[in-house]
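The chain contents come next:
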Amino acid sequence: NAGVTQTPKFQVLKTGQSMTLQCAQDMNHEYMSWYRQDPGMGLRLIHYSVGAGITDQGEVPNGYNVSRSTTEDFPLRLLSAAPSQTSVYFCASSSGLLDTQYFGPGTRLTVL
Amino acid sequence: GQQVMQIPQYQHVQEGEDFTTYCNSSTTLSNIQWYKQRPGGHPVFLIQLVKSGEVKKQKRLTFQFGEAKKNSSLHITATQTTDVGTYFCAGPDPQGAGNMLTFGGGTRLMVKP
Numbered sequence: 001n002a003g004v005t006q007t008p009k010f011q012v013l014k015t016g017q018s019m020t021l022q023c024a025q026d027m028n029h030e031y032m033s034w035y036r037q038d039p040g041m042g043l044r045l046i047h048y049s050v051g052a053g054i055t056d057q058g059e060v061p062n063g064y065n066v067s068r069s070t071t072e073d074f075p076l077r078l079l080s081a082a083p084s085q086t087s088v089y090f091c092a093s094s095s096g097l098l099d100t101q102y103f104g105p106g107t108r109l110t111v112l
Numbered sequence: 001g002q003q004v005m006q007i008p009q010y011q012h013v014q015e016g017e018d019f020t021t022y023c024n025s026s027t028t029l030s031n032i033q034w035y036k037q038r039p040g041g042h043p044v045f046l047i048q049l050v051k052s053g054e055v056k057k058q059k060r061l062t063f064q065f066g067e068a069k070k071n072s073s074l075h076i077t078a079t080q081t082t083d084v085g086t087y088f089c090a091g092p093d094p095q096g097a098g099n100m101l102t103f104g105g106g107t108r109l110m111v112k113p
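Protein chains in written order, with the numbering used here: chain A, 1 to 112; chain B, 1 to 113.
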């Protein structure tokens with residue numbers, strides 16, 4: 001099993017550009033989440049999904065959209081990138097809401 | 001909503017010294033999880049504590065859950081260079097987003113050989 005995969009590993013955007021961060025898992029987990037990690041601020045929840053077709057906002061959802069058309073995939077869309085979105089983004093999946101989170105390798109995003 | 005605070009934010013130790021990081025919650029937690037993130041890597045699950053006063057050990061790592069279930073600690077005995085990384089605690093936020101996990105800010109451990 002590949003676990004949780006994320007693409008791309010690195011990305012540089014200009015302010016105002018849009019892009020999609022990809023996340024996929026092959027563990028048949030119902031729950032998937034997106035976090036951003038900034039120095040000294042731990043992991044903050046952006047959006048999460050409790051199953052295909054169901055998504056909800058986390059702590060810091062502004063500027064991001066998600067969708068969950070399949071159990072496996074949970075893409076994160078940046079609508080109009082801003083320098084404040086420079087961060088490392090982690091996707092995670094779990095079998096239950098409060099169960100062990102399995103993290104992907106992360107995407108390091110820089111917005112100029 | 002719940003706040004999960006970790007102290008210290010950074011810790012430098014000499015190899016062989018002990019290390020402890022503390023996690024405190026503003027609300028009672030049903031359980032707490034600990035994760036380790038190596039430099040440049042992603043968080044990896046270490047352990048989950050559920051019971052009040054619970055103590056669990058993994059080799060040189062000792063995890064404790066407070067009696068009131070509002071705090072937890074991770075203690076590493078005789079640190080090694082392989083212990084380098086950031087240690088996070090995480091607990092469910094009953095008033096937050098869908099009762100999902102809330103992560104502490106992490107404690108970054110640096111070990112001098």
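Hints may contain errors.
Here's a subset of chain B near chain A, in silico, CB distances under 7 Å, partners left out [claimed, not checked]: (1) Met5; (2) Pro8; (3) Tyr10; (4) Pro39; (5) His42; (6) Pro43; (7) Phe45; (8) Ala68; (9) Pro92.
What the hints contain is simulated information worked out from the structure, not anything from laboratory work. Here a beta-carbon is modelled for each residue, glycine too, at the ideal position from N, C-alpha and C.
Results for each hint:
no. : hint  : in the structure
1   : Met5  : violated, 10 Å
2   : Pro8  : violated, 12 Å
3   : Tyr10 : violated, 9 Å
4   : Pro39 : violated, 12 Å
5   : His42 : holds, 4 Å
6   : Pro43 : holds, 5 Å
7   : Phe45 : holds, 5 Å
8   : Ala68 : violated, 19 Å
9   : Pro92 : holds, 5 Å
In this structure, the earlier hints numbered 1, 2, 3, 4, 8 are contradicted, and the remaining ones agree with it.
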